[in-house]
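Undergrad: Mapped onto the UniProt record's numbering, the consecutive letters of the sequence shown carry residue numbers 1 to 280.
What the hints contain is simulated information worked out from the structure, not anything from laboratory work. No experiment lies behind these values; they were computed from the predicted model shown. For each residue, glycine too, the CB sits at the ideal point set by N, CA and C. No incorrect hints appear here.
No more than 30 angstroms apart at the CA atoms, straight line, and that leaves these computed lysine-lysine pairs for DSBU-like:
{"hint": "1", "residue 1": "224", "residue 2": "24"}
{"hint": "2", "residue 1": "6", "residue 2": "249"}
{"hint": "3", "residue 1": "50", "residue 2": "66"}
{"hint": "4", "residue 1": "6", "residue 2": "24"}
{"hint": "5", "residue 1": "6", "residue 2": "74"}
{"hint": "6", "residue 1": "24", "residue 2": "50"}
{"hint": "7", "residue 1": "74", "residue 2": "50"}
{"hint": "8", "residue 1": "50", "residue 2": "87"}
{"hint": "9", "residue 1": "74", "residue 2": "87"}
{"hint": "10", "residue 1": "235", "residue 2": "6"}
{"hint": "11", "residue 1": "6", "residue 2": "66"}
{"hint": "12", "residue 1": "24", "residue 2": "87"}
{"hint": "13", "residue 1": "235", "residue 2": "224"}
{"hint": "14", "residue 1": "224", "residue 2": "6"}
Simulated restraints on C-beta separations:
{"hint": "15", "residue 1": "69", "residue 2": "47", "range": "22 to 30 angstroms"}
{"hint": "16", "residue 1": "164", "residue 2": "110", "range": "27 to 35 angstroms"}
{"hint": "17", "residue 1": "10", "residue 2": "79", "range": "22 to 30 angstroms"}
{"hint": "18", "residue 1": "173", "residue 2": "60", "range": "41 to 49 angstroms"}
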Amino acid sequence: MLRTVKNMEDYVISATDGNIGHVKDVYFDDETWCIRYLVVDTGTWLSSRKVLISPISIGQANWADKLLPVSITKVQVENSPDISTQKPVSRQQEIRLLEYYGYPYYWGGDGMWGGGVYPNMMLTGYVGLASPPDVEHPEMAKTNVQTKAKQHQDDDIHLRSCQAVIDYRIHATDGDIGHIQDLLIDEETWAIRYLIVNTSNWWLGHQVLIPADWIEDVSWPDAKASVNLTRQAVKDAPPYNPTVPVDRKTEMHIYHHYGRPSYWPDDKKHESIKSPLKAR
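Construct the complete structure from the given sequences, taking the supplied hints into account.
TA: Below you can see the structure in the form of structure tokens.
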């Protein structure tokens, strides 16, 4: 099922031994349009420190009560690498965080999660995809992490804030079509499937869904993105109604309208292909 990013704000993150805090933002990878971390405000118990929680740790969500259980403890969160959410998160910082929790890297492999499986299949100890930290040889483990981090010190930044891209302008091949009002996330894969685009600046009172991986170019400094569609094609597309859940039938109508291949199982190759996004 698809969920909006805005709807996830203030969800409670519950550890195995108590609540950690509330979701304040969501970070996605701009190469694959996939959610990598929830930014969680820990409130009073950690002096409002914000921590990054990977979807890998999330269990069965209680959407009705706005509760996301995670398979980690409050002590683990407290002792996790302190990463500032006021600055871009580097690949080096990600390595330290993922190694700390014993999670696999999501880059360098097949599919959007690297190992060809989804987050709920990568909990620590699952078929060797993720291994717990080396507690018997902490110094050796620390050295290994430092070495891996150093290898990625010159990597480009690819994590982006979902809150920050709200209101980005979307440009078609023949003009502006509106701004990003929200994002729709696939709760199984944590992929951003669609941008909810408000077209009110030229087509009053309408919203449409644009598949995120159709975005061809993003100018982060200018807060705008481009898609290879015409304004007329967007205007003729199935409208988005926020009061009606987006089901597979709705998605089929969208892809059929534009004449493009879908991402679901009958077209798996689409799942593992990275977006042709070119940042500038």
